[in-house]
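> Mind docking chains B, C and D on chain A? Use the hints.
There are 4 protein chains.
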Amino acid sequence: MSNAFTGPIPTPSVPAPDIVRCAYMEIVVTDLAKSRAFYVDLLGLHVTEEDENTIYLRSFEEFIHHNLVLRKGPIAAVAAFAYRVKSPAEVDAAEAYYKELGCRTERRKEGFTKGVGDSVRVEDPLGFPYEFFYEVEHVERLTQRYDLYSAGELVRLDHFNQVTPDVPRGRKYLEDLGFRVSEDIKDSDGVTYAAWMHRKQTVHDTALTGGNGPRMHHVAFATHEKHNIIQICDKMGALRISDRIERGPGRHGVSNAFYLYILDPDGHRIEIYTQDYYTGDPDNPTVTWDVHDNQRRDWWGNPVVPSWYTEASLVLDLDGNPQPVIERVDKSEMAVTIGADGFSYTRKTDDGGDTTAVEGFKLGAQV
Amino acid sequence: MSNAFTGPIPTPSVPAPDIVRCAYMEIVVTDLAKSRAFYVDLLGLHVTEEDENTIYLRSFEEFIHHNLVLRKGPIAAVAAFAYRVKSPAEVDAAEAYYKELGCRTERRKEGFTKGVGDSVRVEDPLGFPYEFFYEVEHVERLTQRYDLYSAGELVRLDHFNQVTPDVPRGRKYLEDLGFRVSEDIKDSDGVTYAAWMHRKQTVHDTALTGGNGPRMHHVAFATHEKHNIIQICDKMGALRISDRIERGPGRHGVSNAFYLYILDPDGHRIEIYTQDYYTGDPDNPTVTWDVHDNQRRDWWGNPVVPSWYTEASLVLDLDGNPQPVIERVDKSEMAVTIGADGFSYTRKTDDGGDTTAVEGFKLGAQV
Amino acid sequence: MSNAFTGPIPTPSVPAPDIVRCAYMEIVVTDLAKSRAFYVDLLGLHVTEEDENTIYLRSFEEFIHHNLVLRKGPIAAVAAFAYRVKSPAEVDAAEAYYKELGCRTERRKEGFTKGVGDSVRVEDPLGFPYEFFYEVEHVERLTQRYDLYSAGELVRLDHFNQVTPDVPRGRKYLEDLGFRVSEDIKDSDGVTYAAWMHRKQTVHDTALTGGNGPRMHHVAFATHEKHNIIQICDKMGALRISDRIERGPGRHGVSNAFYLYILDPDGHRIEIYTQDYYTGDPDNPTVTWDVHDNQRRDWWGNPVVPSWYTEASLVLDLDGNPQPVIERVDKSEMAVTIGADGFSYTRKTDDGGDTTAVEGFKLGAQV
Amino acid sequence: MSNAFTGPIPTPSVPAPDIVRCAYMEIVVTDLAKSRAFYVDLLGLHVTEEDENTIYLRSFEEFIHHNLVLRKGPIAAVAAFAYRVKSPAEVDAAEAYYKELGCRTERRKEGFTKGVGDSVRVEDPLGFPYEFFYEVEHVERLTQRYDLYSAGELVRLDHFNQVTPDVPRGRKYLEDLGFRVSEDIKDSDGVTYAAWMHRKQTVHDTALTGGNGPRMHHVAFATHEKHNIIQICDKMGALRISDRIERGPGRHGVSNAFYLYILDPDGHRIEIYTQDYYTGDPDNPTVTWDVHDNQRRDWWGNPVVPSWYTEASLVLDLDGNPQPVIERVDKSEMAVTIGADGFSYTRKTDDGGDTTAVEGFKLGAQV
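Protein chains in written order, with UniProt numbering: chain A, 1 to 367; chain B, 1 to 367; chain C, 1 to 367; chain D, 1 to 367.
Chain A on its own, in the form it takes in the complex (with noise of 0.2 Å):
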């Protein structure tokens, strides 16, 4: 099977499913009380419904049944990253493409989740599981319901982050299957470390993050505001769980979003995130950042704390069993810019050379 996550990937003679966007993914988790207690009491989302093995999820402007279904389990790890196509026609193109392109696939006519009808999942090419659902029960979007906005409030769902280790490989399979890059990062040799992905009109419905595959490195939703995404920064304080907030808040120099990285019980990866660019013109520019620019990933030169590049989510195959981890073979973003090894820059020499500001990079001054 692993082999089948590290060989091309061809282009399917039929045509891919017209994917609207995320929708949402199902993850698996060890203590339903306790991830109960991180999702709804600390972070705000909506139950549209719960049983004792799992609570379905949805973000203040949804309109769909939900956005996070947490499913209790022996192994933390994800069950699927679920794309909401265009019509229920599309779910047939979908079992169609990946039946083309070899991999694994299961057809539900009831769905796989509550609230969801005909759904398709698939193993992918990166090992990822993927669905595709058209049928869906419409729940009551509570958009306008400031009787029940917390200060911190989630209104959308805004994209996933997938680890793997050959990005190129995977972004050439996703731009098949209809996804635009907004943005990536690369070096001079040519090795691309990350790279977005959209179906709706904002920076990503997805992003590859390379790295030790197939695994989830988050799944991101998205504030009004910023003062929101502090707020919940605030109220984790409070709560004496500081230590969950992996990473910033900040604004990233890929996206432009503020943004913050928090962790649940299982240490599933949450980003919050707010006010990327719309990118839903056919020519919108791609943006390539340059592996060393210590801007990239945080605009204020902050540092990505190092379990960032190494740490993330098992995914499980349709048996509900962990797909294996393949290692990444190109260089690693961390080492090239971090470390005895590695260097970053906040700014290029004045004589547009590309050496390291040396006063210029932060990560240097810690301890």
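Be aware that one or more of the hints could be misleading.
Unchecked claim - Per the computed footprint, the stretches of chain A lying under chain C, defined by three or more beta-carbons under 8 Å from a beta-carbon of chain C, are:
id: 1; stretch: 135-141
id: 2; stretch: 149-156
id: 3; stretch: 219-233
In case anyone wonders, no lab produced these hints; they're calculated from the structure. Predicted, not measured: the structure shown is a model, and the values here were computed from it. For glycine and all other residues, C-beta sits at the position ideal for the given N, C-alpha and C.
Using the frame of chain A, we list chains B, C and D on its own:
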């Protein structure tokens, strides 16, 4: 002279001058054009007057002549920490008070800077150049000049912060001078690491940070809202000077303010600060933080960079020569909280014990 | 008694009590459950204690027992405007001061409300029930309890506002009592329409609004930022009680604060207020506004609704009976600024003249 | 000609052009210097190019040449509502589509404005000058140029709003053209008062407002956050042009956006707008508002000023002459909601009835 900076400080028999608030700082900068770019072009402080050697700056809501004087000189340092007192007579009171303390004083009826009248400057018992004045030129208060309001507007001078080796010694002196302690950081052995002290009804007009001194740790300006501070970071990113963002933005534990530390071209540290709390009641509760509490300096547990503990600006005597720096003898906050011999916790153990929550401490995860 | 409310008010020979700040208001409400829904469920004030007849509420950053007391009673009215003084002895000073003024006073060592100790209440020369106290129970200051922080959180009691027929008479009395005027509204005939007066270092602890009185115009709570006030509007929309939004949100000309006026179930007016300015210097400049300046009450020139000028709450004497309301004799601000006989301008004419800028006045455009 | 604007509009047999988004508006202004002061100095739009007759402006996050063209001319009017299409071939499609509709069209390979290539302009069946183009010059996208970011920065062109007598007629035409309705306002008699229609994934690219037309009601720019809009009001106050604030700021019921309407020197209405919601799913729920719901236009129930209903800008035909304005025959929203014959409610009665909540309606309280 340095002797005077370490012995016990008597309480004078004459009344302390009635101080209103911290009012301005005079700093020496080595390249006036570069400093102007920083304070005027980047930070948007408003020029009241300027000539080839000096720039007088004020914040948006200020009605006195200046909050900051940039004076060109050979060595970057602080020439004065200036406080406004309640009446002209209080300048006399200040002079008498410091004379009784045996401090060197200098009285100038015409003031030491433009815009300010009758003033006294002193070399105080901690070695700092303090100024006291009442007479001052009123200038246009820009409060409603929203046509001049920048996205990162600095609206008030908020406080000074001074590095001194012996915090309890300095605290006693400032309490005699009429300051009240709003918050401090201690350990269970009785060592004091820092103290925040106010005259106006905010958390502080000045603070004492334990370390080699006398040195100036920072001077702080307030913004209206948190997004104004984020804009300053964003602008420094755009100007490719993110390496001059030293620490933050973050939420302080102490003071509860949202904060940012940046460095001017000479390395003088500027804090941008917003939303601490009212302290005007006579029994305003003093908040004492445990030095090992990892949320005391940053409520989100983000690491304090070592330079923030070790670097500070020289201060001048009344002849314009740098005061010698005396080493701190007590334990250093940096040493006891980070690195091999330090420890910090995010929360106490469940049984009320005081052990380190290893998982709860983020700095250890840094490279 | 009403006579006492109109004649000249002598300056007592004994010193005025040293007032720290406006501290709490006690209001009588006719339906305690409805009022609880308004102040607790809608506005999120924190309950310190409650029983079947009384609810004690405080704001987020308060450390004294309460800022607002809701007491069930037959007639909606205000029972006390309570100020905190600097020491226990200042309660004696207050009692002596009002006795010399010939006012009825009542001293209670055990306080008039729970949580407050030795206090004196007076029927003041304007007919208002003023209270002075120092002793108070300290309670948990919620400043960093961000787990309790709502999107529209009220963080401080900011000020009272009182309607009185003769503003100069009231101003003289309050200046004697130690208040300083930060701003006022006048016309070129010398009529004063309103005055803002402070003890703490903000624009006001109380204001006098010219009109039939003694009546309570409003009590104001502060938020941290402007978006918190917008959230309160949004929530009132969601609850379909937008008809209880009386005026705003807007930016005041006077005080420069961002504001909102809403009405509680009994019609008591509450202001939500943020970001006025520091007034702590002894020579803080007083700002005088022309009553015809259409930006004085709303910096954006949005109309003041007539009810805001005409409606206010009754106040009680020390027996709990409503004080009779005396009519204003001077010109009314509403009459001189809107309607057939009034005029307002957005800007003066270019030649410095004082004519109405007809195009500049928005209210005339209303139905 | 006016005949063409009132009869039924057939659905063409050829496919509608694939429209991406509203892209720019060309307006005629009578005093270019005054307009420059408004759009550049006050609002901070960025000048891409300008000459003595024309100014090309773009918003902060735009990468195409312009979002607004100011052209000097004798009569204030709108010369073009320009949409970007998905490819060069779609310009052909647009031309063919309108030719089949019998509309006058004009094709210019070199474009009608600088920076734009092959375009077609049409006099559409509602009498509006629509333009369709794909080719456009890319310019610097200022997204991360925070050194240029003003406190009231306009970041995107959001939408157009058109006044037309017969809303259902216009809606049918725009639905044929590929727009989808996100929200509308109706009454129980079946009269439609307004409709919001989108191509990009926001609430609208254009809206139809019932009234005498064809006229341009407004063009809207988006900000990042709500405080940016408040700053624009504050700045207009500082410049003493608050009389050019026509309505708001407020929260829309329809669209949920935070809004402000201001008037340029010629009376062209500009909306500043932020935080509507995602509409990209094919089954995005349409929201229908009752015309009598007093929260539909302003969620806080604040009154709509009559000029907002009655005033609008003329539009030009392809010869540059103003289109004749045809009167609306259907009931007017203003008439049915305010004044003697109108009614509005804040909430329905408790028994579900539809009666006016007299107390709930604020406009009646206005002078």
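> A separate judgement is required for each hint: does it hold in the structure or not?
Here is what the structure says about each hint:
1. Residues of the stretch 135-141 of chain A lying with their CB closer than 8 Å to a CB of chain C number 0, which falls below the three-residue condition for coverage.
2. Only when three residues or more bring their CB closer than 8 Å to a CB of chain C does the claim for the stretch 149-156 of chain A stand; here the count is 4, and the claim holds.
3. Counting residues of the stretch 219-233 of chain A whose C-beta lies closer than 8 Å to any C-beta of chain C gives 3; at least three are required, and the coverage claim holds.
Comparing the model with each numbered hint stated earlier shows that hint 1 is the single one that does not hold.
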